[in-house]
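J.: Listed here are the chains, written in short residue letters.
There are 2 protein chains.
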Amino acid sequence: MKLYDFTLAPNPRRVRIFAAEKGLNLPNEQVDLTQGKSRTPEFLAINPAGRVPVLQLDDGTYLAESNAIAHYLESLHPEPNLCGRDALERARIEMWERRMELDLFTTALRAFLHLHPMNAQRLKQLKEYGNSQVAAVQTQLEWLDRQLKGKEFIAGPRFTIADITAFVGIEFGVATAGIKVDPALADLTRWHRAVSSRPSAKA
Amino acid sequence: MKLYDFTLAPNPRRVRIFAAEKGLNLPNEQVDLTQGKSRTPEFLAINPAGRVPVLQLDDGTYLAESNAIAHYLESLHPEPNLCGRDALERARIEMWERRMELDLFTTALRAFLHLHPMNAQRLKQLKEYGNSQVAAVQTQLEWLDRQLKGKEFIAGPRFTIADITAFVGIEFGVATAGIKVDPALADLTRWHRAVSSRPSAKA
Numbered sequence: 000m001k002l003y004d005f006t007l008a009p010n011p012r013r014v015r016i017f018a019a020e021k022g023l024n025l026p027n028e029q030v031d032l033t034q035g036k037s038r039t040p041e042f043l044a045i046n047p048a049g050r051v052p053v054l055q056l057d058d059g060t061y062l063a064e065s066n067a068i069a070h071y072l073e074s075l076h077p078e079p080n081l082c083g084r085d086a087l088e089r090a091r092i093e094m095w096e097r098r099m100e101l102d103l104f105t106t107a108l109r110a111f112l113h114l115h116p117m118n119a120q121r122l123k124q125l126k127e128y129g130n131s132q133v134a135a136v137q138t139q140l141e142w143l144d145r146q147l148k149g150k151e152f153i154a155g156p157r158f159t160i161a162d163i164t165a166f167v168g169i170e171f172g173v174a175t176a177g178i179k180v181d182p183a184l185a186d187l188t189r190w191h192r193a194v195s196s197r198p199s200a201k202a
Numbered sequence: 000m001k002l003y004d005f006t007l008a009p010n011p012r013r014v015r016i017f018a019a020e021k022g023l024n025l026p027n028e029q030v031d032l033t034q035g036k037s038r039t040p041e042f043l044a045i046n047p048a049g050r051v052p053v054l055q056l057d058d059g060t061y062l063a064e065s066n067a068i069a070h071y072l073e074s075l076h077p078e079p080n081l082c083g084r085d086a087l088e089r090a091r092i093e094m095w096e097r098r099m100e101l102d103l104f105t106t107a108l109r110a111f112l113h114l115h116p117m118n119a120q121r122l123k124q125l126k127e128y129g130n131s132q133v134a135a136v137q138t139q140l141e142w143l144d145r146q147l148k149g150k151e152f153i154a155g156p157r158f159t160i161a162d163i164t165a166f167v168g169i170e171f172g173v174a175t176a177g178i179k180v181d182p183a184l185a186d187l188t189r190w191h192r193a194v195s196s197r198p199s200a201k202a
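First to last, the protein sequences are chains A and B. Its first residue numbered 0, the first sequence is counted upward by one per residue in numbering that gives the first Met the number 0. Its first residue numbered 0, the second sequence is counted upward by one per residue in numbering that gives the first Met the number 0.
Everything labelled a hint here was simulated from the structure, so no lab data went into it. Think of the CB as a built atom: it goes at the ideal place given N, C-alpha and C, for glycine as much as any other residue.
Output of the computed footprint for chain A on chain B, the stretches with three or more beta carbons under 8 Å from beta carbons of chain A:
{"hint": "1", "stretch": "59-66"}
{"hint": "2", "stretch": "69-80"}
{"hint": "3", "stretch": "83-94"}
{"hint": "4", "stretch": "101-110"}
{"hint": "5", "stretch": "127-139"}
Covered by chain B, according to a simulated footprint, are these stretches of chain A (three or more residues, beta-carbon under 8 Å):
{"hint": "6", "stretch": "61-68"}
{"hint": "7", "stretch": "81-90"}
{"hint": "8", "stretch": "97-109"}
{"hint": "9", "stretch": "126-134"}
Listed below are the simulated BS3-like cross-link pairs for lysine-lysine, each with C-alpha atoms no more than 30 Å apart in a straight line:
{"hint": "10", "chain 1": "A", "residue 1": "K1", "chain 2": "B", "residue 2": "K150"}
{"hint": "11", "chain 1": "A", "residue 1": "K150", "chain 2": "B", "residue 2": "K36"}
{"hint": "12", "chain 1": "A", "residue 1": "K1", "chain 2": "B", "residue 2": "K148"}
{"hint": "13", "chain 1": "A", "residue 1": "K148", "chain 2": "B", "residue 2": "K36"}
{"hint": "14", "chain 1": "B", "residue 1": "K179", "chain 2": "A", "residue 2": "K126"}
{"hint": "15", "chain 1": "A", "residue 1": "K123", "chain 2": "B", "residue 2": "K123"}
{"hint": "16", "chain 1": "B", "residue 1": "K123", "chain 2": "A", "residue 2": "K126"}
{"hint": "17", "chain 1": "B", "residue 1": "K126", "chain 2": "A", "residue 2": "K123"}
With the hints as extra help, turn the sequences into a complete structure.
T.: Here is the structure:
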């Protein structure tokens, strides 16, 4: 297997952290998004959506989209479990993961797209929209702080894929769009510190 | 089981179509989003994210988020299969479903949010941003047309959850944000006609 990756991009990082939690060391090939390398005819034949991550399987099959790759890796390497052990637990974790993806991760990504100078050539940036997305992330972090009361991790008592999505979204927003983890949000800060200190956070 | 639903909203419709394909008739309770009924203290105790759909299980447990509900329903009612029969097929279908959700469904939703008069009180609408999302959906439909060449459905030879997400996103965009299915996109139009004519499309 091989992971088409780009170190600076948040979606591949979700897969890298997921793999690190499983103790997997996936060989990777860097696809430099800043040089348009995910949009070449060669790469579009690998992933017609033109983005990373993509996992190449040993039979040559390509699998794209971070969540699909994560679930597939979990089927091959069930332990430690990150996505749920039975149908109801899987559904609960997916519920939390999707909230993190739609309300936090992709919102932080839109803030980056509309505010960061790196994207000035890529799209027509609308600062007012970008600022609204920063505000939406901060509101979502306050909500998440309340949801974390009395819970060690986002989906419950153990670390799951929902924590990975939230953590990578927050870290990307902090690095690129001025997102802040307010220390006054005590449960969020406690969770953020715990996830940051896991060895996988370096992936 | 009971589905907290709102007929006009696109996310609950994904679950309704999914259930209809399975031959399930879920009792439902309407939560009128236009009257703020998903934001009451009573409803926030059911779903702290304040939205529908929510599936109430027979033991009183609440499960939110359309995809999580769909996967849980599939575990109870495996046939007809809509999400994949083995790990690799599940991953492939999830890849397609996620592309449809992130690039088409949520883009159409943002077009609606920023352009439709119904939302003028709900958020500060940015027409320019809304128009950019309409354009992004149209570009995505051209992409989808190319992806459908030689394929009957989005994830391959049979109808799956990826078709449901794409169809509901398109229908919602057509109804609320001026999205068009251009007849010149022959494969998209062929697929759209086939999915529209399924009995589940009325759900």
